[in-house]
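Participant: In case you want the letters, here they are:
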Amino acid sequence: MNEIQFKLDVFEGPLDLLLHLISKHQLNIHDIEITKLLEQYLLYIDTARQQNLELAGEFLEMAARLVYIKAASLLPKPEEAEKAKRDLQGTLIEYALAQAAARQLREHFIADDIFIRKPVRLPRQQQAYRLRHSPDRLAETFVQIGRERMKGQLLSDKITDTVTQARTVSVISKVVFILRKLWNGDSVAVASLYEGVSDRSARVATFLAVLELTRSGRIRLNEENTMLTICQKKGR
Amino acid sequence: MPEEKSFSAMAEAILFAAGEPVETSRIAQALGVPDREVSGIVAQLEQRYAEADSALQILHLENAWQLGTKQEFAPVIRTAMETRRMQPLSNAAMETLTIIAYNQPVSKGFIERVRGIDSSSIVNSLVDKGLAEEAGRIDVPGHPIGYRTTDLFLRVFGLHSLEELPDPHPAEQSEIFTGELTEQDVPS
Amino acid sequence: MPEEKSFSAMAEAILFAAGEPVETSRIAQALGVPDREVSGIVAQLEQRYAEADSALQILHLENAWQLGTKQEFAPVIRTAMETRRMQPLSNAAMETLTIIAYNQPVSKGFIERVRGIDSSSIVNSLVDKGLAEEAGRIDVPGHPIGYRTTDLFLRVFGLHSLEELPDPHPAEQSEIFTGELTEQDVPS
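Respectively, the protein sequence lines represent chains A, B and C.
Be aware that the first sequence starts at 8, since it is given in my numbering, and climbs by one per residue.
Be aware that the second sequence starts at 495, since it is given in my numbering, and climbs by one per residue.
Be aware that the third sequence starts at 495, since it is given in my numbering, and climbs by one per residue.
Heads up, none of these hints are tricks.
Here chain C is said to cover these stretches of chain A; the calculated rule only asks that three of the stretch's residues, wherever they fall, bring their Cβ under 8 Å from a Cβ of chain C:
hint: 1; segment: 18-28
hint: 2; segment: 145-157
Each computed SDA-like pair below joins lysine to any residue, with the alpha-carbon atoms no more than 25 Å apart:
hint: 3; chain 1: B; residue 1: Lys-564; chain 2: C; residue 2: Val-527
hint: 4; chain 1: A; residue 1: Lys-125; chain 2: C; residue 2: Thr-573
hint: 5; chain 1: C; residue 1: Lys-564; chain 2: C; residue 2: Leu-656
hint: 6; chain 1: A; residue 1: Lys-92; chain 2: A; residue 2: Val-204
hint: 7; chain 1: A; residue 1: Lys-125; chain 2: C; residue 2: Arg-578
hint: 8; chain 1: C; residue 1: Lys-623; chain 2: A; residue 2: Arg-113
hint: 9; chain 1: A; residue 1: Lys-84; chain 2: A; residue 2: Asn-35
hint: 10; chain 1: A; residue 1: Lys-158; chain 2: B; residue 2: Gly-603
hint: 11; chain 1: A; residue 1: Lys-77; chain 2: A; residue 2: Ser-208
hint: 12; chain 1: C; residue 1: Lys-564; chain 2: B; residue 2: Ser-500
hint: 13; chain 1: B; residue 1: Lys-499; chain 2: C; residue 2: Gln-538
hint: 14; chain 1: A; residue 1: Lys-31; chain 2: A; residue 2: Asp-94
It should be emphasised that the hints constitute simulated quantities derived from the structure, not laboratory data.
Cβ coordinates follow ideal geometry from the N, Cα and C atoms, glycine included.
Looking at chain A on its own, in the form it has when it is part of the complex (with noise of 0.2 Å):
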């Protein structure tokens, strides 16, 4: 493994990892090999798991993303594939666009080497208020913040936008998932984890998660691969 000298800290997230490999091993990013991408990828993700690195979910969450790209393109008919690499494509050229334009704008820092004033305070400043509003303004600025905002409870922005984006199902999220199915020392059917489940990420998120507990010997899997049972802690 030591030819990868990889600077694990200084990837901003995926997007970045990502642009990294695309120019290191000089693939097209108009059309990437997805097979080599995701090999440097996971060796990535994997050199950091062994520099027992904490790795944002989001860098997994590209991981599902990348092999479900690859699976996809090994059906009979790849065109979900291709629009899938197509997204992501475009996500890596906005990204990298942005990067660009940020290089550029950090030429142009000069901190905050101009001087201002404060405003000076006159003496009636803090003045009631004048103009006239019609009451609609209220009713329009509460169904803008929306009702179940208004009860204090909502909801981060992260939730709403999941719902609205249907994005990438989490694999942690599926990690947890499954380890709380095995919780009490019960075995669990793998076939029993994707019961309901018909959203593809979720069930690539699925995939990836037995795959990691099972690498990672927080779970066995039996001989024929379809129950699953939670490790006893060992002393060592």
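Let chain A serve as the given structure and place chains B and C on it in line with the hints.
Facilitator: Frame of chain A; chains B and C shown alone:
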């Protein structure tokens, strides 16, 4: 060549940026000169302001110096500042005010939870504008200060009482009602 | 005789007192002149600052004007005020700020989608630094809060307006954007 920055310009920079009065010793230290030279340096600056067509002047207070505008410019400044007060409420302020209006009394913490961002300074500015006011402490953990709307708030929005607050989108109410009941079936 | 107060001195008084950027129309209103005359009046002031031994300069931001110190006085001001220079921004902060600058107003969700990683705390810290601010809610599902850049952002990057934001230049992209350069040859 005026490449070299003069002491009086350096003093001007310090006084301008500080806003408040600056002690003689502080100026002296920054310029790297003895304290007693400061008044001479400031005098040069003062003279420039007097000769040039400038609106600024130096105020000497006790052992400190401050930059200000000449007295005779007060009216034009006031006119310019008055127009600023006519600025309508920002979206953030309108939103904060709406949250207070429909939930009063509410704490700053509650408002922050609803908006998803610290809104403390917005609440303060609503209080300054007379649209919101403190309403004692609320009986929730931590006993934070509660805020409510004022009579001025009612006048600004042409309301006679809080009961007249408009009902947001009554049309959608029924669906939301049914939707909510099922969502609440979560074991606590 | 300088009995009559000049327009440029009046403008100076207003800008000094306001501290923050003042829109052209507000200056025009206070001076009682048409909007189009303001830039000429400010130019006179600017010239006085350039010629005289002054530490001040006029900043032109979007459609507004602001008084500030000349950059070369920063060290002496910092010594006097005992403040530190703003640290260069991290790559993550630069990326986030750039996405906000070029797409404003944008939600945190949008930024996260572009960067591929949760950027909420970075946005909050940009708001804390005064480089970004809320800009009302955006009309997309969930009505998230939008963010935009501030006047401080313009000052920190030496820009007069958002239109001066650099075009990400093709050379930067060539490694990745092979063969796409022709598309950029769009006549303006």
